[in-house]
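The hints should help you fit chains B, C and D onto chain A, whose structure is shown.
There are 4 protein chains.
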Amino acid sequence: MSVRVAVAGASGYAGGELLRLLLAHPGVEIGALTGNSNAGQRLGSLQPHLAPLAERVLEPTTAEVLAGQDRPHDVVFLALPHGQSAAVAEQLGPDVLVVDMGADHRLADAADWEAFYGSQHAGTWPYGLPELPGGRAALEGSKRIAVPGCYPTAVSLALFPAYTAGLAEPEAVIVAASGTSGAGKAAKPHLLGSEVMGSMSPYGVGGGHRHTPEMIQNLSAAAGERVTVSFTPTLAPMPRGILATCTAKARPGVTAAAVRTAYEKAFADEPFVRLLPEGQWPATASVYGSNAVQVQVAYDQAAGRIIAISAIDNLTKGTAGGALQSMNIALGLDESTGLTTIGVAP
Amino acid sequence: MSVRVAVAGASGYAGGELLRLLLAHPGVEIGALTGNSNAGQRLGSLQPHLAPLAERVLEPTTAEVLAGQDRPHDVVFLALPHGQSAAVAEQLGPDVLVVDMGADHRLADAADWEAFYGSQHAGTWPYGLPELPGGRAALEGSKRIAVPGCYPTAVSLALFPAYTAGLAEPEAVIVAASGTSGAGKAAKPHLLGSEVMGSMSPYGVGGGHRHTPEMIQNLSAAAGERVTVSFTPTLAPMPRGILATCTAKARPGVTAAAVRTAYEKAFADEPFVRLLPEGQWPATASVYGSNAVQVQVAYDQAAGRIIAISAIDNLTKGTAGGALQSMNIALGLDESTGLTTIGVAP
Amino acid sequence: MSVRVAVAGASGYAGGELLRLLLAHPGVEIGALTGNSNAGQRLGSLQPHLAPLAERVLEPTTAEVLAGQDRPHDVVFLALPHGQSAAVAEQLGPDVLVVDMGADHRLADAADWEAFYGSQHAGTWPYGLPELPGGRAALEGSKRIAVPGCYPTAVSLALFPAYTAGLAEPEAVIVAASGTSGAGKAAKPHLLGSEVMGSMSPYGVGGGHRHTPEMIQNLSAAAGERVTVSFTPTLAPMPRGILATCTAKARPGVTAAAVRTAYEKAFADEPFVRLLPEGQWPATASVYGSNAVQVQVAYDQAAGRIIAISAIDNLTKGTAGGALQSMNIALGLDESTGLTTIGVAP
Amino acid sequence: MSVRVAVAGASGYAGGELLRLLLAHPGVEIGALTGNSNAGQRLGSLQPHLAPLAERVLEPTTAEVLAGQDRPHDVVFLALPHGQSAAVAEQLGPDVLVVDMGADHRLADAADWEAFYGSQHAGTWPYGLPELPGGRAALEGSKRIAVPGCYPTAVSLALFPAYTAGLAEPEAVIVAASGTSGAGKAAKPHLLGSEVMGSMSPYGVGGGHRHTPEMIQNLSAAAGERVTVSFTPTLAPMPRGILATCTAKARPGVTAAAVRTAYEKAFADEPFVRLLPEGQWPATASVYGSNAVQVQVAYDQAAGRIIAISAIDNLTKGTAGGALQSMNIALGLDESTGLTTIGVAP
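From first to last, the protein sequence lines stand for chains A, B, C and D. Taking the numbering used here, I'd label the letters of the first sequence as residues 1 to 346. Taking the numbering used here, I'd label the letters of the second sequence as residues 1 to 346. Taking the numbering used here, I'd label the letters of the third sequence as residues 1 to 346. Taking the numbering used here, I'd label the letters of the fourth sequence as residues 1 to 346.
Extracted from the complex, chain A is given alone in its bound form (with noise of 0.2 Å):
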């Protein structure tokens, strides 16, 4: 028995990527897909990689078309653009799973979204981080989700171990490096091949990235206390890949050894975090098109550092994929049904 699902926004890269990995997944139909500009295009012509769907016509996104008229969508996954996913997702019905892949119900703290966002707060979800603390059971059987943002996944899966388990100071240093994709499929000029290939560049410097408030909200709830956040977000000459490299000053008497206990507890458990062994750093070539977390972490004691190191797909665990294995734990599928550990690699 297969649950039918509806995408808005198939054009685009994280609507491109979910219908990668719906199509793998075996209780799935996939049914409405949408699009803006783009209604009306063959999926083939945009998406090319996504062959199966190459005739498959985008309709426009609206609700008549997300709750599906004659066959009704069990699922809805949103791949709007910031501040769209509300108005579309208040028309449809509470019994309709909703998964907004946008920012929109993300915050916590309607002012932090008002100052980042410059729009008024839609709300707050269940957060589709299910590797923190309490995480999963916020989602099982939830009918809305919000979908992290593809740092905040990185970064809160990389530092989340030293804070629980009160190893680090609240003053957490954050810099990560991102493949283009993570800019989305908008045609900007500094996004060009040719401004990118051979190029690191940081944006978003100083506080500014939306993204920060949302690591905040995350670092501080496992801290217990409120934690700042210095985060640098670098663009690399890749299409896909976050590198998260996150310090936090050790709090007196830690060991490196209590570091490696605290990680390897974090993750013991979890299907697609993986803690590598000593010695082994993450690379984002390893996780290429997977739902794979690969994390390190060292205790720099020269330094008095923990640095925690992750990498993941922006486009995989960093957005649809973590969608999808949201979506399986509200459903109470096996969380990873249609979902990979396994890279695309070299």
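What the hints contain is simulated information worked out from the structure, not anything from laboratory work. Don't take each hint at face value.
[Stated by the list, open to error] Capping the alpha-carbon separation at 20 Å, the derived lysine to aspartate or glutamate pairs in DMTMM-like fashion look like this:
# : chain 1 : residue 1 : chain 2 : residue 2
1 : D       : 249       : A       : 171
2 : A       : 249       : D       : 171
3 : C       : 185       : C       : 171
Relative to the frame of chain A, chains B, C and D by itself:
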């Protein structure tokens, strides 16, 4: 009921790709994994993307290990350097399906083998390119399979329909670009990232590439006469993918419509080859990590030539995927089991 | 004593590369810089690599600005979209050297222009490829120069010696790979870094590329008869560089030695073209950022074809460097002034 | 009047870049070029981008060759593996300017050297980073120069103004991304193009990187107290460039205006360092192939940290350009001779 599979050469790119695919194949149990210089090492340190096999330890490549000692293997894949398969294969029993991913058993002409590989010809096995005329029949029930080279796969699929339909003169001119994984994992200075990023360069120009006689063999079989091949391979700054631009002078009276019809007919029932809609051209990104082949063809009236272009993933359809597809046929399984036409993009 | 130079289209890739070279030219003073949609902006925000010009502000592209108002310009470079140069050039006086980096004045055949560009032919100017037979003489003292297209530069230099020496049949088959800067700086979805990294793809297949008639023109002039050209351009995942693989059937009696001799003779005194030692092949990385052309040629006896391969930097020798080289000749300066044969590698 | 220059290690990336720059230096004559395993080979086969030196043959790296036999060298550059410079340098006379591009003479603290390099300390030479306080004076007239490491160059320039102005706490947290040429030309599997393209990965995490004590040395000198450094280097999929993201907790009372003023003052008269206009951030592409340093700084009030980011070309300003700039100063030449601030972009 699973078939039990061994992989010789599990630490290389071809072996790693095969394992990636085997892990997703529902009818396979992965048995012994062997390496030469890497015997005794954990696979997790050599192929960090293959998370489920991280704790596996490589065994030495011997006939005993590959036969399977306590529990015999049903299938043995040989991902060994050219010239090393034959000696191993001879020691494996006639009931084991041996799939040679090296070159040793591809060529029918012993003189060609000796001219291009410089050693004694080991014999000719059924050829693992089911899409060629008569290709599937040759593989059904076979216990020995010679997996085609990556370039011959891309080139033969792009051009054989023009020859079987009698549309092209027997002189093909081919220029192909390959990702660097086609050159293998052995560390050589010219394959360093610093050298290949930002650079295109040819190699084996003027007929010297070892895949040339294999192309001639396939195209001549399709044409029913000797086809000469001018083949220029180039190294492209990407890890995976082959884009093969294949041209041949059109026979008198050829029309664009006749060309289109020949290609539509050749690929109408193929599960992995897709003739793109007119006006859309192949891109290696669209088939990344998949067993799909994208093909497009044009008739350039002014130049009097047919131009057929194909895109494949050199490690998947070009090597390990083609090997698995052929194994499926030989064993009587559904040809597509464990394989996908969906690329990982962007 | 400096010549005073204006650049129309200073915000694009061709204009930026020209400015990079002009800054290193000892006999040039940089006058007005113009743009269209970018007029009024600081160059530092548009071309951040041109540090010495960071505070310059773009002016609108008008005949008055380009003429030079208070202080007349001696040279005006037009780096404008195809079809826009002619109207501007007509308003500039006969004593100003006008160097058109667009296509408007390249083709001798008005019918070709109209077929490929769809507008009225603006006339034919001396052609800025001094290495062609008679090329320098045509430029000396000229007040109008048509800079060749990037592909025709690479292809004509690779193949003309075979034709001038009577070694090749008049049917050329050419496949070239270009870096993405050849497609310009206008933001289009298929040129996004996410799309091009990791991908090779063809375009303009089957004779449709606008550079085809220009190649035919050059090769036919060298051959003394009409040469047909099958030209397939491909987009490669690198910012700069063209690798052109050019083949033609050898005339009866041709030998490898005769081919080598013809090429040695053609390039013996050329400051920018280097016929590599036998066995060494061109690589675009070796000419990155330079005006150098690397050429190698082979005779494939089995296929009966001559294969000539060239590597250039599409923005330097392929556009701005070629323009500057031609300007030097037209003004009677040393041809190499401000230009280098040294690439930036790795 | 030219200075006669020898280069030891001419076949590597540092040596090759130095030769590229020396060829453009008007006051230099290139003398002996040496290599170890490559002695006897043509430079054209090892460094094909250095066209004017293609026919030069590498000599063995001996004191006699470097001294200059018949015609003495005025300057000897040592681009040798770490730990090999000292033995060679000892044999060169006191009147020869010896510029060590390796690490041997950078560190003032012998214990640091022994801890990080595992051999005996060879002594400390004047440090080739003229932009540091007192940097130029130390180099003027010197006959020995220790060229800084590439990471310390990027990091020290980004962060010293915050310390000299007393704005930052003595605990720096640094994450830097480097192009692969920083890892040298020796063929190692993890540096293959297949491995690095599409991947970001860290190395030397937790204080283990040999450049850490050099950063501590420079920043402590600027601060007037011991500065701890948490340094995480990452390998980025590009041939060249370093982007260094450097943060430190702001001292109480610091304001954004004070930070800006300190940086403006520090770089006001520097020919190669450019503090970008507010809102514009460094990109490695902008300094590709140049000796320029782009710097930008922000004060993140919410996190209480100063974030200073620099971009350099690791081979130019980070190695060979820095070496040449220091040579110019030592010899009393104009500091910028043979060097440019103009990057090769896109």
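Numbers of unmet hints, in rising order:
3
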